[in-house]
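**Q** Below, each chain spelled out in residue letters.
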Amino acid sequence: MTKLPQVLNRRNRVLLKELSKTDFKLRYQGSVLGYLWAVLRPMLMFCILYVVFSKVLRFGDGIPHYPVYLLCGTILWSFFTECTGMGIQAIVMRGDLIRKLSFPKWIVVISTTSTALINLGINLVVLIVFALLNGVEPSLNWLLAPIPIIELYALSLGISFLLGAINVKYRDVGSIWDVLTQALFYCAPIIYPLSMVASSSILAARIILLNPIAQIIQDVRYLLITTTAETTWNYYGSAWSKTIPVVIVVIVAILGAVYFRKKSKFFAEEV
Amino acid sequence: MAKVMNAADGGDIAIRVKDLHKSFKLPTERAWGLKQAIFNRLKGIKGYKTQKVLRGIDFEVKKGEFLGIVGRNGSGKSTLLKVMSGIYVPQKGEVDIYGTLVPFIELGVGFNPELTGRENVYLNGALLGFSNEEITEMYDEIVNFAELKDFMDQKLKNYSSGMQVRLAFSIAVRARGDILILDEVLAVGDAAFQQKCNDYFASLHGNQTVILVTHSMENITKFCDRAILIENGKIVNEGEPEKVAEAYKALWS
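As you go down the protein sequences, you meet chains F and X in turn.
Each residue of the first sequence is one higher than the one before, starting from 9 at the first, in my numbering.
Each residue of the second sequence is one higher than the one before, starting from 4 at the first, in my numbering.
Incorrect hints may appear among the rest.
[Claimed, not checked] For lysine-lysine, the following DSS-like pairs were computed, each having C-alpha atoms within a straight-line distance of at most 25 Å:
id: 1; chain 1: X; residue 1: K225; chain 2: F; residue 2: K270
id: 2; chain 1: X; residue 1: K6; chain 2: X; residue 2: K95
id: 3; chain 1: X; residue 1: K55; chain 2: X; residue 2: K237
id: 4; chain 1: X; residue 1: K28; chain 2: F; residue 2: K271
[Unchecked claim] Derived list of chain X stretches under chain F, where covered just means 3 residues or more per stretch with a C-beta under 8 Å from a C-beta of chain F:
id: 5; region: 37–48
id: 6; region: 77–89
id: 7; region: 104–115
id: 8; region: 140–151
In short, the hints are calculated from the structure, not lab data.
Where a beta carbon is used, it is the ideal one built from N, C-alpha and C, also for glycine.
Go ahead and model the full structure; you've got the sequences and the hints to work with.
**A** This is the structure:
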């Protein structure tokens, strides 16, 4: 049985740092713009969405700071897809190491997702600059924004551990997840404002807000951009139902950790 | 499970292997992928057959001993090394390790062509369980042994294959672990470097615990204090290297 202090012992910390550093260095190796791509990718995605949904379809009418609102959603979403996409494949991609060396396997998953975490950090700085330029007033709420972001990372890691462990044996999981994220994208109010759903059906809006990703994105928007953003907290009355998305995240995270731990002993044979 | 303990606790024992059993589930009908797995379950097919690779291995290695392990392809040598290194989990039995064990199942695991020689040494070291300070301490020795001082800031992809394997080998022999495990990696590089490797192993005698898997009976008799012969997952001969080498050759006669 590994006790908690042993989990982050010196050996594991060194390995985590070295693997993260390597992933980070190699990610944009050989591209002309290099690390700029970390910022450019979500920004370009944002531009496309902005033109289509704000200018052509006029989704954003009536929402204050809609471009920032939209950018916030795309940044969090691309973090989620990058983190889970890489995390699920981590064990398989590092199969060469796992087959020939003995070390805690979770390090591979965390180190792979750390690049996504760094990207998120850079993008959040861009978001803040954007918000200030757009006239968003800084507030004390900003200090609370890390909480839903940590929740998002916990969810991403839970999914990565759970599906990543299954993916070792059944490689279909990675592909299924790719398709599933496409569907999830439309389930969360990233491009469309939730107010639009609420205006035709309050029930639909409430169901959408049970999805942890929707809850997280709306919470970050609420804290960073505008208190008019619809949140799970405001849409549900009882304390019990307010916490459903958080409970889902906790369950996914625990399930992922337990299952990964159980299966990781046999990764060397199966990968 | 491989249990790692302090070197001092073992007395003069470096590794104790007790009644080790290991078997693998080999997929029969292609059980790769979700569809096939569900299909197999519905039809009641197990989807794998069990192959016993290790069937009760017992031995001890003393501190400072140079142990050779020989056997035919598929006899279970590499599986044994992997169980001892903690890569595989055995079904039954135990491995007690007194001290730090540095396994080289393959040279240069995790080497990345896009990183420089220096970066690769640090990455490889971290993978083997060394801290940055420990690697910094060993670094000069590694580079000197590899004779690659002028190349360390170049990317590995610009190394010749001989240079790459020399760097990997130097990490293996200069890494300061109590127990060194080598799978068929003895002498690499050109004739001069091979001579250097041979001299190095000869100099280890009595100072370093080494477990070596090889098919070269010449190396067994030249370097090892003791050898074991594995056949079908069991130890069939054990003792003087010359005697074991004879038994190994007799497998084909």
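**Q** Compare the structure with each hint and give your call.
**A** Structure-based check of each hint:
Of the supplied pair hints, the one linking K225 (chain X) and K270 (chain F) is violated, its CA atoms being roughly 44 Å apart against a limit of 25 Å. At roughly 13 Å between alpha-carbon atoms, K6 (chain X) and K95 (chain X) fall within 25 Å of each other, so this suggested pair holds. Restraint check for K55 (chain X) and K237 (chain X): satisfied, since their Cα atoms lie roughly 11 Å apart, inside the 25 Å limit. With a C-alpha separation of about 15 Å, the suggested pairing of K28 (chain X) with K271 (chain F) holds against the 25 Å cut-off.
Beta-carbon proximity to chain F at under 8 Å applies to 3 residues in the region 37–48 of chain X; the threshold of 3 is reached and the given coverage holds. Figure legend: the region 77–89 of chain X, annotated as covered by chain F; annotation consistent (3 residues with Cβ-Cβ distances under 8 Å, at least 3 required). Residues of the region 104–115 of chain X lying with their CB closer than 8 Å to a CB of chain F number 6, which satisfies the three-residue condition for coverage. Under the rule that three or more residues need a Cβ within less than 8 Å of chain F, the assignment of the region 140–151 of chain X is violated, with 0 such residues.
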